[in-house]
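Protein chains in written order, with the numbering used here: chain G, 23 to 119; chain V, 4 to 201.
There may be inaccurate statements among the hints.
Claimed, not checked - Below are the PhoX-like pairs computed for lysine-lysine, each with C-alpha atoms no more than 25 Å apart in a straight line:
no., chain 1, residue 1, chain 2, residue 2
1, V, K96, V, K60
2, V, K176, G, K32
3, V, K185, G, K32
4, V, K195, G, K32
Said to hold, decoys possible - Non-contacting residues of chain G with respect to chain V, defined by C-beta distances greater than 10 Å in every case (computed):
no., residue
5, V71
6, F75
7, I86
8, L93
9, F95
Claimed, not checked - Computed footprint of chain G on chain V, listed as stretches where at least three residues anywhere in the stretch have a Cβ under 8 Å from a Cβ of chain G:
no., region
10, 28-36
11, 128-135
12, 148-158
Just so you know, these hints were derived from the structure itself, not from any lab.
These numbers were taken from a predicted model, which means no experiment stands behind them.
C-beta atoms are modelled at their ideal positions from N, C-alpha and C, and glycine is treated no differently.
Letter by letter, the chains look like this.
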Amino acid sequence: MNDFNNRWQKLAQNARLSPADPAGDLPHGFATRVLALARQPAREAWEDVLTVFGLRAVLATGGIFLLSASLAFSDWFDSRLEPPALERTLLSDLTWP
Amino acid sequence: MPDAFDVQDCLQRVRDGDAAAAHALITHLHPLVRRLVRNHLPRRESEEDLMQEVFVKLFQKLDSYRERSGIPFEHWISRLAVRTCLDALRAEKARPEWRFADFSEGETEWLDYLLNRQAEVPAQSGSDAHALVTRLLALLSPPDRLVLTLLDLEERSTQEISQLTGWTRPMVKMRAMRARHKLRALARQTLKSEFPSP
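The whole structure should be built from the sequences, with the hints applied where relevant.
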């Protein structure tokens with residue numbers, strides 16, 4: 023590892039020798055844009071949390087809705103009509119001698 | 004003249020709502036901010052966008068800055084810029100996977116030098132070394148990349164890095180050591196992509 027560290031330091035040293043790109047001038051209208059954006063109220067942390075979790079919450083709610091809707095419709099189209107088991111038991115108790 | 008620029012006076016005028024002072028402050032600080040952003044720029048982020056984010060934060064948080072003796076405003080803005088860059092690096096969903104074929108001839112010579120005990124120092128230009136370092140650092144996690152950039156490329160002390168990042172000095176040293184371990188493994192992996200073991 024020491025050998026690697028030495029070689030890495032040599033590489034970094036040479037990388038530092040690379041001529042840096044000139045900083046250049048400010049892009050046109052940069053300061054005006056920055057000041058306009060800075061005047062807008064800063065986003066609160068809870069807004070970021072809502073942004074992150076909002077879409078996931080909508081998707082999860084939609085998924086649950088579809089699941090419950092499919093379960094409801096499966097019962098809806100079930101055409102078998104049977105008397106409830108409790109009713110059947112009471113009826114048989116009452117009518118049986 | 005840049006030496007004559009009075010930052011504290013300018014800050015006071017900015018607080019009083021002087022737009023010209025705000026423009027002057029941006030002009031004065033932009034070389035520093037640009038250099039920091041350039042060194043820690045995520046691959047898919049525009050340098051100008053990230054600089055803009057730093058300056059917007061500067062003006063929004065200006066009231067939280069308190070002048071303390073011996074701590075220049077430039078340190079405060081450096082810390083703000085480094086943290087903004089770290090957040091941007093963290094927001095990147097994926098890190099690149101370099102293939103050996105992606106490297107230039109000069110970069111492969113440096114990569115060979117890095118991993119091969121017998122290899123001599125390449126007689127290539129510093130730009131190849133810089134390109135390779137940038138590629139390798141991009142493979143690391145954002146905090147690992149940040150600490151090696153600050154320590155090995157910008158030659159900052161652990162004390163300075165501690166102030167910039169909020170990490171303790173032992174944490175900085177530990178993270179740098181682990182980051183170099185990971186860097187070696189990733190560099191070897193990159194080399195193996197060209198020469199897979201039989």
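Now the hints, each set against the structure:
1. V:K96 <-> V:K60: holds, 23 Å
2. V:K176 <-> G:K32: holds, 19 Å
3. V:K185 <-> G:K32: holds, 18 Å
4. V:K195 <-> G:K32: holds, 22 Å
5. V71: The claim holds: G:V71 sits with its nearest Cβ about 15 Å from chain V, beyond 10 Å.
6. F75: holds, 16 Å
7. I86: Given a closest Cβ separation of 27 Å, the condition holds.
8. L93: holds, 36 Å
9. F95: holds, 38 Å
10. 28-36: Held - the region 28-36 of chain V has 4 residues with a Cβ nearer than 8 Å to chain G, which meets the minimum of three.
11. 128-135: holds (count 6)
12. 148-158: holds (count 3)
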